[in-house]
Amino acid sequence: MKLGPKAAAAALVFSASLALTACGGGAGAGSNGGGNASTALTLGTLRDITSWDPAQAHVGHALQPYQAAYDTLILREPDGKLSPMLATKWKYNATNTKLTVDLRTDVTFSDGAKFDAEAAKANLDHFKKANGPQMAQLASVSDVAVVDADTIDINLSATEPALEYFLSQAAGLMGSPKALGTDAIKTVPVGSGPYVMDKAASVKDSQTVFTAREGYWNKDLQKYRKLTLKILTDPTARTNALVSGQIDATLLDPKNGKQAEGAKMKLETNQVDWSGLLLLDRAGAKNPALANVKVRQAINYAFDRKTILDQVMLGQGTATSQPFGKDSGAWTEELENFYSYDPAKAKALLKEAGFENGVTLDVPTLPGAETLISVLQQQLADVGITLKPGAAITNTFTADVAAKKYTAMFYNLFQGEPTVAIDQIVSTKALYNPFKNTTPELEAKIQAVRTGGDDAGTLARDVNKYVVEQAWFAPLFRVNQMYYHNSKVEVTPQAQQAVPSIYNYSPAK
Amino acid sequence: MIKFIAKRLGSGLVVLFVVSALTFTLLYTSSGSIARNILGDQATPEQVALKEQELGLDQPLVTRYFAWLGDALSGNLGTSWFTSEPVANSLATRIPVTMTMVFAAMILIAICAALIGVAAAVKRGWVDRVVQVGAIVGDSIPGYVIGVFLVTLLAIQLGFFPATSTISPEVGPEAWVYSMTLPVIALLINGVTGGAQQIRSAVIKQLERDYVRTLRSRGIGEREILFKHVLRSAAPAGLTVLSLQLIGMLGGVVIIEQIFALPGMGPLAVTATGQTDLPVVMGVVMYTVVVVIVVNLLVDVLNGWLNPKVRVS
Numbered sequence: 001m002k003l004g005p006k007a008a009a010a011a012l013v014f015s016a017s018l019a020l021t022a023c024g025g026g027a028g029a030g031s032n033g034g035g036n037a038s039t040a041l042t043l044g045t046l047r048d049i050t051s052w053d054p055a056q057a058h059v060g061h062a063l064q065p066y067q068a069a070y071d072t073l074i075l076r077e078p079d080g081k082l083s084p085m086l087a088t089k090w091k092y093n094a095t096n097t098k099l100t101v102d103l104r105t106d107v108t109f110s111d112g113a114k115f116d117a118e119a120a121k122a123n124l125d126h127f128k129k130a131n132g133p134q135m136a137q138l139a140s141v142s143d144v145a146v147v148d149a150d151t152i153d154i155n156l157s158a159t160e161p162a163l164e165y166f167l168s169q170a171a172g173l174m175g176s177p178k179a180l181g182t183d184a185i186k187t188v189p190v191g192s193g194p195y196v197m198d199k200a201a202s203v204k205d206s207q208t209v210f211t212a213r214e215g216y217w218n219k220d221l222q223k224y225r226k227l228t229l230k231i232l233t234d235p236t237a238r239t240n241a242l243v244s245g246q247i248d249a250t251l252l253d254p255k256n257g258k259q260a261e262g263a264k265m266k267l268e269t270n271q272v273d274w275s276g277l278l279l280l281d282r283a284g285a286k287n288p289a290l291a292n293v294k295v296r297q298a299i300n301y302a303f304d305r306k307t308i309l310d311q312v313m314l315g316q317g318t319a320t321s322q323p324f325g326k327d328s329g330a331w332t333e334e335l336e337n338f339y340s341y342d343p344a345k346a347k348a349l350l351k352e353a354g355f356e357n358g359v360t361l362d363v364p365t366l367p368g369a370e371t372l373i374s375v376l377q378q379q380l381a382d383v384g385i386t387l388k389p390g391a392a393i394t395n396t397f398t399a400d401v402a403a404k405k406y407t408a409m410f411y412n413l414f415q416g417e418p419t420v421a422i423d424q425i426v427s428t429k430a431l432y433n434p435f436k437n438t439t440p441e442l443e444a445k446i447q448a449v450r451t452g453g454d455d456a457g458t459l460a461r462d463v464n465k466y467v468v469e470q471a472w473f474a475p476l477f478r479v480n481q482m483y484y485h486n487s488k489v490e491v492t493p494q495a496q497q498a499v500p501s502i503y504n505y506s507p508a509k
Numbered sequence: 510m511i512k513f514i515a516k517r518l519g520s521g522l523v524v525l526f527v528v529s530a531l532t533f534t535l536l537y538t539s540s541g542s543i544a545r546n547i548l549g550d551q552a553t554p555e556q557v558a559l560k561e562q563e564l565g566l567d568q569p570l571v572t573r574y575f576a577w578l579g580d581a582l583s584g585n586l587g588t589s590w591f592t593s594e595p596v597a598n599s600l601a602t603r604i605p606v607t608m609t610m611v612f613a614a615m616i617l618i619a620i621c622a623a624l625i626g627v628a629a630a631v632k633r634g635w636v637d638r639v640v641q642v643g644a645i646v647g648d649s650i651p652g653y654v655i656g657v658f659l660v661t662l663l664a665i666q667l668g669f670f671p672a673t674s675t676i677s678p679e680v681g682p683e684a685w686v687y688s689m690t691l692p693v694i695a696l697l698i699n700g701v702t703g704g705a706q707q708i709r710s711a712v713i714k715q716l717e718r719d720y721v722r723t724l725r726s727r728g729i730g731e732r733e734i735l736f737k738h739v740l741r742s743a744a745p746a747g748l749t750v751l752s753l754q755l756i757g758m759l760g761g762v763v764i765i766e767q768i769f770a771l772p773g774m775g776p777l778a779v780t781a782t783g784q785t786d787l788p789v790v791m792g793v794v795m796y797t798v799v800v801v802i803v804v805n806l807l808v809d810v811l812n813g814w815l816n817p818k819v820r821v822s
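Chains as they are written, first to last, in my numbering: chain A, 1 to 509; chain B, 510 to 822.
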């Protein structure tokens, strides 16, 4: 009892001081620090990166922070064209098994180390053995040889048409050779990129602050004095931060996009993923009906894609029958509407296949896709196919896919370069081909793509056509990535990336 | 009193040990192929096998648990599988954010709930009715709904507060407190209304007891009866309610931290669980258990101090 009033008094003083300090904070504290707004850029990102070691870099959303601190060997333009960066030019030998790369000689890393052929080799070797999430990007590289101070040869054990693309991605990020393999580079990046991390102003999982690097070799890529990546996992928090002016740009979804549009934010859309069913058990190992191509085609004819898109996705996407993306080169107009909405034809195909009453599809439930799955269930039921949504996809999902737990599934998948897409969903080493389905005909087509060099995209059209005709999948639509920004910044979407590359932002004129 | 505290502390340690063993067993036997989760879609079986070896997942469960326990006793909670950051470091940067928010909310709840509860019990009449209705309304609105409402009104429409946190060394402590205001309000509303209701009931119960009548018959003033006798007797009930609220708040704070993008324990727990980052999940569980044990211990000690009978029982 003696302490009671004292404790209460102390608490009152504390709360009063809390309230007073809160009032004293003033409206300015809510906005971003950093002085001149036109030279500061603040982006809302979906998650913090796991390690600043370039060998642990990821693609997609996660590439952006690495681009601030690290240059890549090759620069990927917004439309997907590859341009020089740390590499000035590169050329394959006649058999596409050796890529000779010429390098810049005027670049230094933020710790003073010089970029040269030895540094490039050190990075590629480090990437190959660091067991990072994108290690497969250099799987075909047998060794890297230093030719002279500004030239390397990348020798391949098998042809890899996507290698140049990978060198503009995670595998191409160049860190200081002095820092590679140390613990320090895991928490503070040491690259030659346009920005250096301001460690004191950065808070793990909250924000990463960068400042422009003095004497950066390419001023055209360094458009801001300060760059802040604010980590906002929750889409509602991202929307609130954007409309209240805390961030300049971020990725939203159709639902939150409405609020951003109401606040006069500008929208850039870009199609990166496709959504649809993966009919995985094409040999009928667990679900015999799926072995029959007519059943798989019937599933495709059962969907009214345009209506589903309009109702479930608020029209944010494009209906399609093909799993390969427009930027891959494998996309063709004729496959876009290959399976039109035709329930009568679906029923007829099922009858021809002898499965007019007996097809059941089990699919796991993708979190957030419950509404869509119930629509698919309804449309399949209309032609006599039972769709059974199973347990929700859990964090053991990839392992479950590899273990052939699912015979069919609804999913969103990235549409990458031809060989990237093939190795993701078609080839026998693809995770999303767990039953290892293939035919000699398909193998020949895939091999043609692998050895096709610059023609890989066009050759992949044959693979695309094959999997569409054989109804390996039931694609529904390509999804719009909805990137919103305010009027202070100009943003150019990046092909095959949900968020633009860091170079695609500039102050609005 | 020392014996009493030692006894409580001992049972707390036993609980901590049992929970750690159970959690470890449950987590590490039901988490599928973690190595593949870490490496992603493109990983080859060889990469997965190498990663499993790196993480020591090829060792028997008991060996791994005792290795973990041995390290934990020396303050090393392991390293995150996804970020390579020591778990103890992650917790050390997250706990202050969450605990500042929780303690600020608790202090305000304690003050407001006590004032409102005592006022309702003593004054009764319309004050009491307002408190009763307020308790029902306050209890029925989840904290996150209040959070979203506060952000929409006070941050986006009126611009008084930041919509998401500005917790950063570069903006100074003022902005930090400023960032905390809306989350703390969102957290405390349920607590104040619920707490006031409980304190009101406890005070009324005491006011109806015989000893109060006896004190009044001796001519002792109402103020003295209330502050010296009634509140002391009603305090254990109030403390218990507050401790339960604090423990309950550890759950509510997860959503509030997500809404306001506060880098506290909530997002860490959500991310780690989603990724199956087991060393971090273990760390979060241990932190939660320690908080619960400490809060219960403090409440027991305070109750024992206020009411010697508790120490004997």
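Hint data in this document are derived by calculation from the structure and do not stem from the laboratory. Be aware that one or more of the hints could be misleading.
Stated by the list, open to error - Under the rule of at most 27 Å between Cα atoms (straight-line distance), these lysine-lysine pairs were calculated in the BS3-like manner:
#1 LYS560(B) / LYS128(A)
#2 LYS560(B) / LYS178(A)
#3 LYS128(A) / LYS114(A)
#4 LYS405(A) / LYS560(B)
#5 LYS436(A) / LYS560(B)
#6 LYS121(A) / LYS560(B)
#7 LYS129(A) / LYS560(B)
#8 LYS114(A) / LYS264(A)
#9 LYS388(A) / LYS351(A)
#10 LYS404(A) / LYS560(B)
#11 LYS219(A) / LYS488(A)
#12 LYS129(A) / LYS98(A)
#13 LYS560(B) / LYS204(A)
#14 LYS226(A) / LYS286(A)
#15 LYS512(B) / LYS186(A)
#16 LYS255(A) / LYS219(A)
#17 LYS429(A) / LYS560(B)
Comparing the hints with the structure gives:
no., hint, in the structure
1, LYS560(B) / LYS128(A), "14 Å, holds"
2, LYS560(B) / LYS178(A), "25 Å, holds"
3, LYS128(A) / LYS114(A), "22 Å, holds"
4, LYS405(A) / LYS560(B), "22 Å, holds"
5, LYS436(A) / LYS560(B), "24 Å, holds"
6, LYS121(A) / LYS560(B), "24 Å, holds"
7, LYS129(A) / LYS560(B), "12 Å, holds"
8, LYS114(A) / LYS264(A), "46 Å, violated"
9, LYS388(A) / LYS351(A), "21 Å, holds"
10, LYS404(A) / LYS560(B), "21 Å, holds"
11, LYS219(A) / LYS488(A), "20 Å, holds"
12, LYS129(A) / LYS98(A), "20 Å, holds"
13, LYS560(B) / LYS204(A), "25 Å, holds"
14, LYS226(A) / LYS286(A), "56 Å, violated"
15, LYS512(B) / LYS186(A), "48 Å, violated"
16, LYS255(A) / LYS219(A), "38 Å, violated"
17, LYS429(A) / LYS560(B), "19 Å, holds"
The earlier numbered hints that this structure contradicts are 8, 14, 15, 16.
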